[in-house]
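Chemist: Now for the letters of each chain:
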Amino acid sequence: MEKIHTHTGVGVPLRRSNVDTDQIIPAVYLKRVTRTGFEDALFAAWRGDPSFVLNQEAYSTGSVLVAGPDFGTGSSREHAVWALKDYGFRVVLSSRFADIFRGNSGKQGLVTGIVSPEDIEILWKILETKPGTEVTVDLEAKTATADDVTVPFQIDDYTRWRLMEGLDDIGLTLQQEEKITAFEETRASWRPKTLPARHLPSVEIEAARPV
Amino acid sequence: MAGTLAEKVWEAHLVRRGEGGSPDLLYIDLHLVHEVTSPQAFEGLRLAGRQVRRPDLTIATEDHNTPTLDIDRPIADVTSRTQIETLRANAREFGVRLHSLGDADQGIVHQVGPQLGLTMPGLTVVCGDSHTSTHGAFGALAFGIGTSEVEHVLATQTLPLAPFKTMAITVNGTLPAGTTSKDIILAIIAKIGTGGGQGYVLEYRGEAIRALSMEARMTICNMSIEAGARAGMIAPDETTFEYLKGRPHAPEGEDWDAAIEYWKTLRTDDDAEFDAEVVLEAADLEPFVTWGTNPGQGLPLSASVPVPADIADEGDRETAAKALEYMGLVPGTPLRDIPVDTVFIGSCTNGRIEDLRSVAKVIKGRKKAGSVRVLVVPSSARVRLQAEAEGLDVIFKEFGAEWRNAGCSMCLGMNPDQLAPGERSASTSNRNFEGRQGKGGRTHLVSPLVAAATAIRGTLSSVADLDLPHEIDITTFDGTPLDGVGASPLGESVVDLPIPVAIGSAPGGSAGQPALR
Chain A
1 MEKIHTHTGV GVPLRRSNVD TDQIIPAVYL KRVTRTGFED ALFAAWRGDP SFVLNQEAYS
61 TGSVLVAGPD FGTGSSREHA VWALKDYGFR VVLSSRFADI FRGNSGKQGL VTGIVSPEDI
121 EILWKILETK PGTEVTVDLE AKTATADDVT VPFQIDDYTR WRLMEGLDDI GLTLQQEEKI
181 TAFEETRASW RPKTLPARHL PSVEIEAARP V
Chain B
1 MAGTLAEKVW EAHLVRRGEG GSPDLLYIDL HLVHEVTSPQ AFEGLRLAGR QVRRPDLTIA
61 TEDHNTPTLD IDRPIADVTS RTQIETLRAN AREFGVRLHS LGDADQGIVH QVGPQLGLTM
121 PGLTVVCGDS HTSTHGAFGA LAFGIGTSEV EHVLATQTLP LAPFKTMAIT VNGTLPAGTT
181 SKDIILAIIA KIGTGGGQGY VLEYRGEAIR ALSMEARMTI CNMSIEAGAR AGMIAPDETT
241 FEYLKGRPHA PEGEDWDAAI EYWKTLRTDD DAEFDAEVVL EAADLEPFVT WGTNPGQGLP
301 LSASVPVPAD IADEGDRETA AKALEYMGLV PGTPLRDIPV DTVFIGSCTN GRIEDLRSVA
361 KVIKGRKKAG SVRVLVVPSS ARVRLQAEAE GLDVIFKEFG AEWRNAGCSM CLGMNPDQLA
421 PGERSASTSN RNFEGRQGKG GRTHLVSPLV AAATAIRGTL SSVADLDLPH EIDITTFDGT
481 PLDGVGASPL GESVVDLPIP VAIGSAPGGS AGQPALR
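Respectively, the protein sequence lines represent chains A and B. Going by the UniProt record's numbering, the residue at position 157 of the first sequence is 157; the numbering climbs one at a time, nothing skipped. Going by the UniProt record's numbering, the residue at position 481 of the second sequence is 481; the numbering climbs one at a time, nothing skipped.
Some hints here could point you the wrong way.
With a Cα cut of at most 25 Å, we get these calculated SDA-like pairs of lysine to any residue [said to hold, decoys possible]:
1) A:Lys3 with B:Gly18
2) A:Lys130 with A:Ser116
3) B:Lys439 with A:Pro210
4) A:Lys31 with B:Ser130
It is worth saying that the hints were derived from the structure and are not from the lab.
Generate coordinates for the entire structure from the input sequences, incorporating the hints supplied.
Modeler: As structure tokens, then:
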């Protein structure tokens, strides 16, 4: 995961609340086998609408999403985070996030900052008045700056530290590799191993046919 | 310090205790993989240049998408085929053992682990599938995980986990005839609700649980997730050891002795405390069926479809009304009067050999109700072989049922086995969500015995509704190993198990087992 201390990019005002993960990415896109390439699936149901914010030239390269409350509710699908990242978003600011979505975001290096509803309104006004305005998000200072306005955001210390160190969960766990290896050395010999494979004699399985 | 079973297993896998708000890091003994939730995890490894840390603690099988007909022909559905081909390529690239469609060890992942003897007491078991809780029947701590976590386990063989709470579910007494472990778990979910287990590891205990076979215990633990629980467990005992002994990956010699010695310590201490307790009397139970669109919406078969207007809680009332509308049911209708179009016998909940035997005992010599489609899908290819060795397939076919190849099948309808819109099923599976078995499909969750009786009568029924000869004991099951058929060896170290003889014709080895007639 890339280290993030600050990020500057075009801010996108999404004036909607309760954006659930089905709206972020509809179920039809879940059958894919890749983790990347979901950019076209992001907000798929809304993208057909020319007035939708991402369809406007000034916002189309956005990387900081400023959304209404209760962002990311519903299904636990991690694809929602993948779709946002694949589109180019690095930060989502909202006054309230669903727990699972926030957890998934932290695992994938998407910053989720909690901003007060009043400050969200201020950011929306700036971004709507001057489309294409860049927002600078500073994880160190826990602030977001647009134009001459700087607002604070909240993020839990553990997640913030991981994002700033560029540590995904796996990277973090691998810092404990010595401990994992030491644990493995104490593993009792009765505990199972799948290899070498042991099984009953192989038998040909007759294919059932339609009746 | 006194501890519960779950706490003991947790402590034994602690690689590092979390400090300052960070979670505990737990070692994972066994990682089960299937085609649907693994592709992005393997891709994540590839993108990060990582390897599978312990291919020797990982095993994959194809189950969710696989067809149950024409398995020797190319899979028609492109998406399914892609997911399966992707799993095969990933298994090759990362050196993961895979049991593919057509292989005798292929089957639903939660059947494959136990039948190979890989699932054992005291393990941590994970899989990118919520029904991983099945393996808790052995006294393992087993739970479903998301795709990022699948990748995490592949890369590190560990998981960072937040602590859980413990709930004791005690089932006292003896089950009445015609009721099964499926009825126990449906009654539990109806009692505590689909969110009642949230944040908890459930431990099932009490006389009625102790009396159950391993397979029946798996049914109960399997559906722990339907109560919202993180996992469900049953302390290991002689039944567990007996099931495991001689299976391909079961410990041998000194390892077996050491294992047994340790496994016997895997029980909740008498002075340990649970965070919550629930008690049920087995004698009060009847065959249970669901009437709604979540597994908590269940009632005894003798009851009637609930009347929403009679429900006091406004939220419950609305939920019930919405469920009944989807299910196309009239409030007040006796559940026994509900006709079904399809009976599905299978899934990781009730697709094991004992389930098939119990159904066969009920339907032997009869014909299915005319218009009902009956689908019998064994949970694994080995279970299918075993059933065929016992002649069960003939009984099913003579009954008018379709005898299929192994897989998840109509439980979730990712393959062609689906309900048509408006079609109604009695299903031995685990979820009756809207559209679960096919868009617009209506599901009633039932036990294998209820499924069998329903297939005969055409309406939701229990075996009490049939004029069965009373010498048939349908509540006891053969305890001999499930598998053990076949000839030519494959792989490096094949272990021989005694070939079990068909039930009913054995002079020994199946004492007390009534003959099929």
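Chemist: When the structure is checked against the list of hints, which entries are broken? Sort them ascending.
Modeler: The structure breaks none of the hints.
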